[in-house]
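These are the residues of each chain, in order.
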Amino acid sequence: NAGVTQTPKFQVLKTGQSMTLQCAQDMNHEYMSWYRQDPGMGLRLIHYSVGAGITDQGEVPNGYNVSRSTTEDFPLRLLSAAPSQTSVYFCASSYSGGGNTEAFFGQGTRLTVV
Amino acid sequence: GDSVTQMEGPVTLSEEAFLTINCTYTATGYPSLFWYVQYPGEGLQLLLKATKADDKGSNKGFEATYRKETTSFHLEKGSVQVSDSAVYFCALTTRRKAAGNKLTFGGGTRVLVKP
Chain A
85 NAGVTQTPKF QVLKTGQSMT LQCAQDMNHE YMSWYRQDPG MGLRLIHYSV GAGITDQGEV
145 PNGYNVSRST TEDFPLRLLS AAPSQTSVYF CASSYSGGGN TEAFFGQGTR LTVV
Chain B
7 GDSVTQMEGP VTLSEEAFLT INCTYTATGY PSLFWYVQYP GEGLQLLLKA TKADDKGSNK
67 GFEATYRKET TSFHLEKGSV QVSDSAVYFC ALTTRRKAAG NKLTFGGGTR VLVKP
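If you read the sequences in order, they're chains A and B.
Numbers in this note's numbering are just positions in the first sequence, counted from 1, shifted up by 84.
Numbers in this note's numbering are just positions in the second sequence, counted from 1, shifted up by 6.
Hints are not guaranteed to be accurate.
The list that follows gives simulated cross-link-like pairs (lysine to any residue, SDA-like), each with its CA atoms no further than 25 Å apart [said to hold, decoys possible]:
1) Lys62/B / Tyr179/A
2) Lys58/B / Thr26/B
3) Lys93/A / Asp157/A
4) Lys93/A / Arg152/A
5) Lys58/B / Thr185/A
6) Lys120/B / Gly124/A
7) Lys98/A / Pro123/A
8) Lys93/A / Glu48/B
9) Lys66/B / Phe188/A
10) Lys83/B / Asn184/A
11) Lys74/B / Thr185/A
12) Lys93/A / Tyr45/B
13) Lys93/A / Ser91/B
14) Lys58/B / Glu186/A
15) Lys120/B / Pro123/A
16) Lys62/B / Val17/B
17) Lys83/B / Thr185/A
18) Lys58/B / Ser180/A
19) Lys62/B / Phe188/A
Stretch by stretch, here's where chain B covers chain A in the computed footprint (C-beta under 8 Å, at least three residues) [as the list claims (entries may be wrong)]:
20) 115-127
21) 132-141
Simulated from the structure, these hints should not be mistaken for laboratory data.
We treat Cβ as the ideally placed atom computed from N, Cα and C, and that holds for glycine.
For reference, chain A alone in the conformation it holds in the complex:
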């Protein structure tokens, strides 16, 4: 019953470092997304994918890269970390189904950039 698994749960980076946040789902969902959660702003979409090999930008894509080589995995790369990227990051997955389907979320990665 793994669902959506994110690693790591916590991370501290120095400004300018790069890292990859991992996300894996075992439900064979077509759609996967990355959001960041900041106080008072809800969750904002960073990047999303509608299937392996297909990705697109969301509302706040700058400073992040994604790729989707398999259905199961959707890693998020921070190219050169900045303090503005301090946030909690959530990965989500869902079936297609014309907007009617539930999104399943991972437990989040809390990232601090110093």
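Given chain A, work out where chain B should sit, using these hints.
This is chain B only, laid out in the frame that chain A set:
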């Protein structure tokens, strides 16, 4: 673009009180509407949803009705418990396949229920 506005918190209630959290939206077409809940230290989980006008979503004593005429989806519960303390997010998604079920969220409302 699409947007969701929900009342700011925190909302502090006593156990067995009535809870309502207002949510209004702006969207093109006919979105699906959701309430997600986030318990402390956890990810979000779906609380309820409604996919067309006048639909009522319900779960765990919570209810919300999709009101197209007022573009609203207010969340209500008649008698809250301490275990309902959480952050509640109103959200919408469009029906276009290319949109990938991406969600537009409100800012979240923290609810604290005291014994």
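Verification of the supplied hints:
{"no.": "1", "hint": "Lys62/B / Tyr179/A", "verdict": "holds (22 Å)"}
{"no.": "2", "hint": "Lys58/B / Thr26/B", "verdict": "holds (21 Å)"}
{"no.": "3", "hint": "Lys93/A / Asp157/A", "verdict": "holds (17 Å)"}
{"no.": "4", "hint": "Lys93/A / Arg152/A", "verdict": "holds (21 Å)"}
{"no.": "5", "hint": "Lys58/B / Thr185/A", "verdict": "holds (13 Å)"}
{"no.": "6", "hint": "Lys120/B / Gly124/A", "verdict": "holds (22 Å)"}
{"no.": "7", "hint": "Lys98/A / Pro123/A", "verdict": "holds (22 Å)"}
{"no.": "8", "hint": "Lys93/A / Glu48/B", "verdict": "holds (11 Å)"}
{"no.": "9", "hint": "Lys66/B / Phe188/A", "verdict": "holds (18 Å)"}
{"no.": "10", "hint": "Lys83/B / Asn184/A", "verdict": "holds (23 Å)"}
{"no.": "11", "hint": "Lys74/B / Thr185/A", "verdict": "holds (20 Å)"}
{"no.": "12", "hint": "Lys93/A / Tyr45/B", "verdict": "holds (16 Å)"}
{"no.": "13", "hint": "Lys93/A / Ser91/B", "verdict": "holds (23 Å)"}
{"no.": "14", "hint": "Lys58/B / Glu186/A", "verdict": "holds (15 Å)"}
{"no.": "15", "hint": "Lys120/B / Pro123/A", "verdict": "holds (23 Å)"}
{"no.": "16", "hint": "Lys62/B / Val17/B", "verdict": "holds (23 Å)"}
{"no.": "17", "hint": "Lys83/B / Thr185/A", "verdict": "holds (23 Å)"}
{"no.": "18", "hint": "Lys58/B / Ser180/A", "verdict": "holds (17 Å)"}
{"no.": "19", "hint": "Lys62/B / Phe188/A", "verdict": "holds (21 Å)"}
{"no.": "20", "hint": "115-127", "verdict": "holds (count 7)"}
{"no.": "21", "hint": "132-141", "verdict": "holds (count 4)"}
This entry satisfies every hint, going by the numbered hints stated previously.
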